[in-house]
Amino acid sequence: GAVVSQHPSRVICKSGTSVKIECRSLDFQATTMFWYRQFPKQSLMLMATSNEGSKATYEQGVEKDKFLINHASLTLSTLTVTSAHPEDSSFYICSARVRADTEAFFGQGTRLTVV
Amino acid sequence: DAKTTQPPSMDCAEGRAANLPCNHSTISGNEYVYWYRQIHSQGPQYIIHGLKNNETNEMASLIITEDRKSSTLILPHATLRDTAVYYCIVRVRLLSGSARQLTFGSGTQLTVLP
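The listed protein sequences derive, respectively, from chains U and A.
So for the first sequence, the numbering used here puts the first residue at 10; every next one is plus one.
So for the second sequence, the numbering used here puts the first residue at -9; every next one is plus one.
Note that these hints are calculated values from the structure, not bench results.
Please note: incorrect hints may appear among the correct ones.
[Said to hold, decoys possible] In the SDA-like style, the derived pairs of lysine to any residue whose C-alpha atoms are separated by at most 25 Å in a straight line are:
no., chain 1, residue 1, chain 2, residue 2
1, A, -7, U, 71
2, U, 29, U, 63
3, A, -7, U, 69
4, A, -7, U, 108
5, U, 29, U, 51
6, A, -7, U, 66
7, A, 59, A, 7
8, A, 42, A, 57
9, A, 42, U, 107
10, U, 75, A, 31
11, U, 73, A, 93
12, U, 29, U, 19
13, U, 50, A, -3
14, U, 50, A, 0
15, A, -7, U, 49
16, U, 29, A, 35
17, A, 59, U, 111
18, U, 50, A, 71
19, A, 59, A, 40
20, A, -7, A, 55
21, U, 23, U, 94
22, U, 50, U, 95
[As the list claims (entries may be wrong)] Derived CB-CB ranges, DEER-like:
no., chain 1, residue 1, chain 2, residue 2, range
23, U, 94, A, -3, 17 to 23 Å
24, A, 29, U, 16, 41 to 47 Å
25, A, 69, U, 50, 40 to 46 Å
26, U, 96, A, -3, 27 to 33 Å
27, A, 3, U, 61, 43 to 49 Å
28, A, 44, U, 38, 30 to 36 Å
Keep in mind it's a predicted model, so treat the numbers as computed, not measured.
The beta carbon of each residue, even a glycine, is placed where N, CA and C say it ideally should be.
Can you make the complete structure from the sequences, with help from the hints?
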């Protein structure tokens, strides 16, 4: 199947700093990518929909100024957690589809720990 | 998208078949049943999907009841590496246009025991 790659897989940062997470579609182009967040022992929650060449669409309750999404090309979307706090510590996962009618493929996830 | 109900956890002996049920009694005629799994600390992995016919691939089989109100994912010979949270998701399969996100429920924690 198609491959979605996330980087880094694990990151530890200090409170107040910013962290950038990359999501790449390795063998296909994705006009739309999705960013999820998962807290321990909970399910995945959609944060935002990333659209190539336009602004991201954020889910209710997700601060767009804190979680900056950039989808500058058909193979790369980035999520930047700005001014990170310990409560932002979570597992962040991206996904993409080859086309609207195909199954979604997920990155391996990024474990963010803010200390 | 229709709501799904899954048992929170199940155990299965290694080498035996694992049968994971999912109820989706409010499913619409144009909604597909998708199964994904998430091994600990990894991103979800697509397993299989179907509309109304039973489906089989190299990973699993999907049995959908005739009224489509429930389905069962079957892992024919479970291994320890199949220990994961299994998500049953019902959603419309778009033929064109923009992709839509998946909505994840709580899933079933399958533990394969040696």
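Tested hints:
1. -7(A) - 71(U): holds, 23 Å
2. 29(U) - 63(U): It holds: about 19 Å lies between the C-alpha atoms, which stays within 25 Å.
3. -7(A) - 69(U): Roughly 20 Å separates the two Cα atoms, so the pair holds.
4. -7(A) - 108(U): holds, 24 Å
5. 29(U) - 51(U): Roughly 23 Å between the alpha carbons, so the hint for residue 29(U) and residue 51(U) holds.
6. -7(A) - 66(U): Between residue -7(A) and residue 66(U) the Cα gap is close to 23 Å, so the pair holds against 25 Å.
7. 59(A) - 7(A): Status holds; Cα separation ~22 Å.
8. 42(A) - 57(A): holds, 9 Å
9. 42(A) - 107(U): holds, 24 Å
10. 75(U) - 31(A): holds, 24 Å
11. 73(U) - 93(A): holds, 20 Å
12. 29(U) - 19(U): Holds, at about 11 Å.
13. 50(U) - -3(A): Holds - the C-alpha atoms of residue -3(A) and residue 50(U) are around 15 Å apart, at most 25 Å.
14. 50(U) - 0(A): The given pair, whose Cα atoms are some 16 Å apart, holds under the 25 Å limit.
15. -7(A) - 49(U): holds, 23 Å
16. 29(U) - 35(A): Measuring from Cα to Cα gives roughly 24 Å; hence the hint holds.
17. 59(A) - 111(U): holds, 23 Å
18. 50(U) - 71(A): Distance of about 19 Å is within 25 Å: holds.
19. 59(A) - 40(A): holds, 13 Å
20. -7(A) - 55(A): holds, 16 Å
21. 23(U) - 94(U): holds, 8 Å
22. 50(U) - 95(U): With a Cα-Cα distance of about 17 Å, the restraint between residue 50(U) and residue 95(U) holds, given a limit of 25 Å.
23. 94(U) - -3(A): 17 to 23 Å: violated, 36 Å
24. 29(A) - 16(U): 41 to 47 Å: violated, 19 Å
25. 69(A) - 50(U): 40 to 46 Å: The hinted range 40 to 46 Å is violated for residue 69(A) and residue 50(U), with Cβ atoms some 24 Å apart.
26. 96(U) - -3(A): 27 to 33 Å: holds, 31 Å
27. 3(A) - 61(U): 43 to 49 Å: At 47 Å between Cβs, range holds.
28. 44(A) - 38(U): 30 to 36 Å: holds, 33 Å
Violated hints, listed in ascending order, are 23, 24 and 25; each of the other numbered hints is respected by the structure.
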